[in-house]
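*Asks:* Construct the entire structure; sequences and hints are all you get.
Protein chains in written order, with this note's numbering: chain A, 134 to 583; chain B, 134 to 583.
No lab work stands behind these hints: they were computed from the structure. One should not assume that every hint holds.
When chains are identical, the list treats them as one kind, so a pair holds in a single copy or across two.
Quick list of in silico lysine to aspartate or glutamate cross-link-like pairs, EDC-like style, CA-CA up to 20 Å [said to hold, decoys possible]: (1) Lys-348 / Glu-424; (2) Lys-172 / Asp-317; (3) Lys-572 / Asp-173; (4) Lys-531 / Glu-448.
As a plain string of letters, each chain reads:
Protein chains: 2
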Amino acid sequence: MKSIHLAQSIIDPFPADAQQLLVGVSGGVDSVVLLHTLKDVSERLNVSLHVAHLDHQIRSESSNDAAFVRDLCGQWDIPCYAESYDVAELAERGKLSIEMAGRQARREFFQRIAEMIEADAIVLAHHLDDQLETFLIRLLRGSGQSGLAAMRIHTGIWWRPLLGCSRGQILEYAQKYELRWVEDQSNNNPVFLRNQLRHQLIPQLLEINSNIAQKVAGLTQQIQVEEDYWQELITQQFNDLVISCNDGLRLRRGDLLVMHPALRMRMLREALRRLRGDLQRIEAVHLHSIEMLLTGQRSQAQLDLPGCWVARRYETLWLRDVAPKLPERFDLSLPLPGELELPDGRILRSSIQDEQEGESTNVAEYSLALLPHSLRVRSWQAGDRFEPLGMTGRKRLKNYFSDCQIELEARLKTPLLVSGETILWVIGMRRSNYAVAGKDKGMILRVELI
Amino acid sequence: MKSIHLAQSIIDPFPADAQQLLVGVSGGVDSVVLLHTLKDVSERLNVSLHVAHLDHQIRSESSNDAAFVRDLCGQWDIPCYAESYDVAELAERGKLSIEMAGRQARREFFQRIAEMIEADAIVLAHHLDDQLETFLIRLLRGSGQSGLAAMRIHTGIWWRPLLGCSRGQILEYAQKYELRWVEDQSNNNPVFLRNQLRHQLIPQLLEINSNIAQKVAGLTQQIQVEEDYWQELITQQFNDLVISCNDGLRLRRGDLLVMHPALRMRMLREALRRLRGDLQRIEAVHLHSIEMLLTGQRSQAQLDLPGCWVARRYETLWLRDVAPKLPERFDLSLPLPGELELPDGRILRSSIQDEQEGESTNVAEYSLALLPHSLRVRSWQAGDRFEPLGMTGRKRLKNYFSDCQIELEARLKTPLLVSGETILWVIGMRRSNYAVAGKDKGMILRVELI
Chain A
134 MKSIHLAQSI IDPFPADAQQ LLVGVSGGVD SVVLLHTLKD VSERLNVSLH
184 VAHLDHQIRS ESSNDAAFVR DLCGQWDIPC YAESYDVAEL AERGKLSIEM
234 AGRQARREFF QRIAEMIEAD AIVLAHHLDD QLETFLIRLL RGSGQSGLAA
284 MRIHTGIWWR PLLGCSRGQI LEYAQKYELR WVEDQSNNNP VFLRNQLRHQ
334 LIPQLLEINS NIAQKVAGLT QQIQVEEDYW QELITQQFND LVISCNDGLR
384 LRRGDLLVMH PALRMRMLRE ALRRLRGDLQ RIEAVHLHSI EMLLTGQRSQ
434 AQLDLPGCWV ARRYETLWLR DVAPKLPERF DLSLPLPGEL ELPDGRILRS
484 SIQDEQEGES TNVAEYSLAL LPHSLRVRSW QAGDRFEPLG MTGRKRLKNY
534 FSDCQIELEA RLKTPLLVSG ETILWVIGMR RSNYAVAGKD KGMILRVELI
Chain B
134 MKSIHLAQSI IDPFPADAQQ LLVGVSGGVD SVVLLHTLKD VSERLNVSLH
184 VAHLDHQIRS ESSNDAAFVR DLCGQWDIPC YAESYDVAEL AERGKLSIEM
234 AGRQARREFF QRIAEMIEAD AIVLAHHLDD QLETFLIRLL RGSGQSGLAA
284 MRIHTGIWWR PLLGCSRGQI LEYAQKYELR WVEDQSNNNP VFLRNQLRHQ
334 LIPQLLEINS NIAQKVAGLT QQIQVEEDYW QELITQQFND LVISCNDGLR
384 LRRGDLLVMH PALRMRMLRE ALRRLRGDLQ RIEAVHLHSI EMLLTGQRSQ
434 AQLDLPGCWV ARRYETLWLR DVAPKLPERF DLSLPLPGEL ELPDGRILRS
484 SIQDEQEGES TNVAEYSLAL LPHSLRVRSW QAGDRFEPLG MTGRKRLKNY
534 FSDCQIELEA RLKTPLLVSG ETILWVIGMR RSNYAVAGKD KGMILRVELI
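*Replies:* Quick look at the structure:
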């Protein structure tokens, strides 16, 4: 009965229209049973099978495994692609664990062969007990919800038809059909976290609940379908949040705030993922601090998080890999009459005239007689104050910038026209009450931003 | 520094406008530290504290614990409500574990006192390591996603301000302020699952990841906010799914089918929860089978699930606690002329007339001369066929019912007017071609459903 279930589990999630399958076979019981069930099904469904085997070169007997797989494929008349790869070397070079390196090498090898033979699916022998191990590893590594979705039966080209079958069912099948296989000695190596789980932790869990693998499998299925749901929402809505993505990523704060917190958190994770490539080292506390940034009193504030920098700039949430480099301060002399190139490339032109021509955002006119000092153009300094035209009393320039919602980075780029200590013009924004030109006030200094 | 964090953690999630707090104090270090931090904060915030202690009577020294708590409250000048309760007896009577019974008894006691003193919150001393234990217990018991949300800082009247603090921080605080407490010997009883986890499983997990409690706490926070999200969707949309709830629960199949599978599963869980009161013994495989019922080829099918019965009836998903009792079969003689009371209470009246008056859904007329047998009214039998008026050839009554989307349960209630083996009328629905009355066909038998 159980071996029927095994074949059924293969047929049930069979990828639509599959014609060519590439089966990853290590030679262990799982992959030998997988190949055997597929051999049976594929004959009936007229699907052609191919086998791929990667010799990891980490155990002395690993070349025997390759020979075993080749032999088996020969007997079963299935084309076999075997290669060997120095996984230990990859692990050292890529600073990976041996397990991770092996996984990466296998994936790359399987994908290469699959492309070559135009396979519709790469079939792997992961089963229910592997799924429990994967779930626990993700949990122990502190993965979020998304990681607990663990392995899926289908993801892209990958297919794991045995994901619902227990190791016990697989062994039973192997015995029923008198299959031979090789034992992977590395399964006993306690250095591997997976083996620690398999030999120490999981037996304890089974003592408490002998059905734990099935229970966790049910849980991962629920998480998977909910992850799909969130992913669809993100796909539908994320781009609407984006103001720009040419200098990091700028998101609309208001739109984030009206979202349900659960969706907002998902969107923030997505933003971090797009920016950083992954979410490694990002923890709940970091997301919480971005939430605080978004909802807090301060209209401009920033955070350094692992692998990224996140700032609120008024109604924008700005994410970058690192904090932006602050523009350099400047202090330049304005020739009179003449032209000055500002640090941002714009030109400031001064001229002396008899008559007023009128002011605008980019033009200011002053009574030359009221300007005792030479004119300079400089960047903002702490403590700067000025008296905006039309207002009485001096205002902190910082507060003026804040009223205009000028971002911190833009403040340092904003040129100020000064005469001695007096700010005449926040150039391109607002002139001061000082030295206003007028009839009978003599010669006019006209300054134009071009 | 860490003890500041502890006081901060109390203030941070302080329930809005709380004036009266009831603190659950066992006398163990966690609740003594909780009370000490609250004492400090409540003086500053002008909140009054009360203590509740329940003696479980399961250990010989438990009355000493009560005395300890009373003493402590005396010293700190806090009103103390202590009672004792035979938890072992409750466990036996309610078929609960001692842990569950203790929890239930405490909850009831705390709620009663809280009501009496009009407390705004009941404060419990659960901390970060308790949260890890709760999470693992839920995982081991095979809880779904919702269970893994574990404990919340705030739920209703309950408040757990220490949920973000580790046992280590709590001990450090206790030592710093030279607090005294009692050791709960039941914490060492390996019969309790929680103690198995604490002494065997969790130390292993900590070896693999010393930060596991923080990681799991972050995970539970994410799950909590997403549970809230789903709950809001359910609250908004569930009632629109309901066709009726007077005989179990009938839901619109079409609306369920167009939902995202993740939301559909949540709605199905909600339906089961409303029907059964909880989701105990409901597993992923059961939800999957309901999904199959909804999407399958069969327009009528049913499932027995733990504690409930679920059926598809055409475009309805029908959930009941048990399968509906099938109506009893009947076979009654129709007096001619005369009246017959049908099992559903309706009346069937027969009369003999000279003239036709015309047929309708509830009236059929027959040529009396063409009816050789006495008339009977009976329920449907396997194999019944009839020739609907206007059609040629006999049709299986089963298929006729199916074409009309008559639900299985309604079929057995539908009365059939028969003469011998011949079905004259599916009463109230369709008459047959047989014995049609007409001019020059003699006396008329008129049958009316009232």
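*Asks:* Each hint needs a verdict: does it hold in this structure or not?
*Replies:* Checked hints:
no.: 1; hint: Lys-348 / Glu-424; result: between (34 Å within a copy, 18 Å between copies)
no.: 2; hint: Lys-172 / Asp-317; result: neither (23 Å within a copy, 61 Å between copies)
no.: 3; hint: Lys-572 / Asp-173; result: neither (102 Å within a copy, 71 Å between copies)
no.: 4; hint: Lys-531 / Glu-448; result: within (18 Å within a copy, 66 Å between copies)
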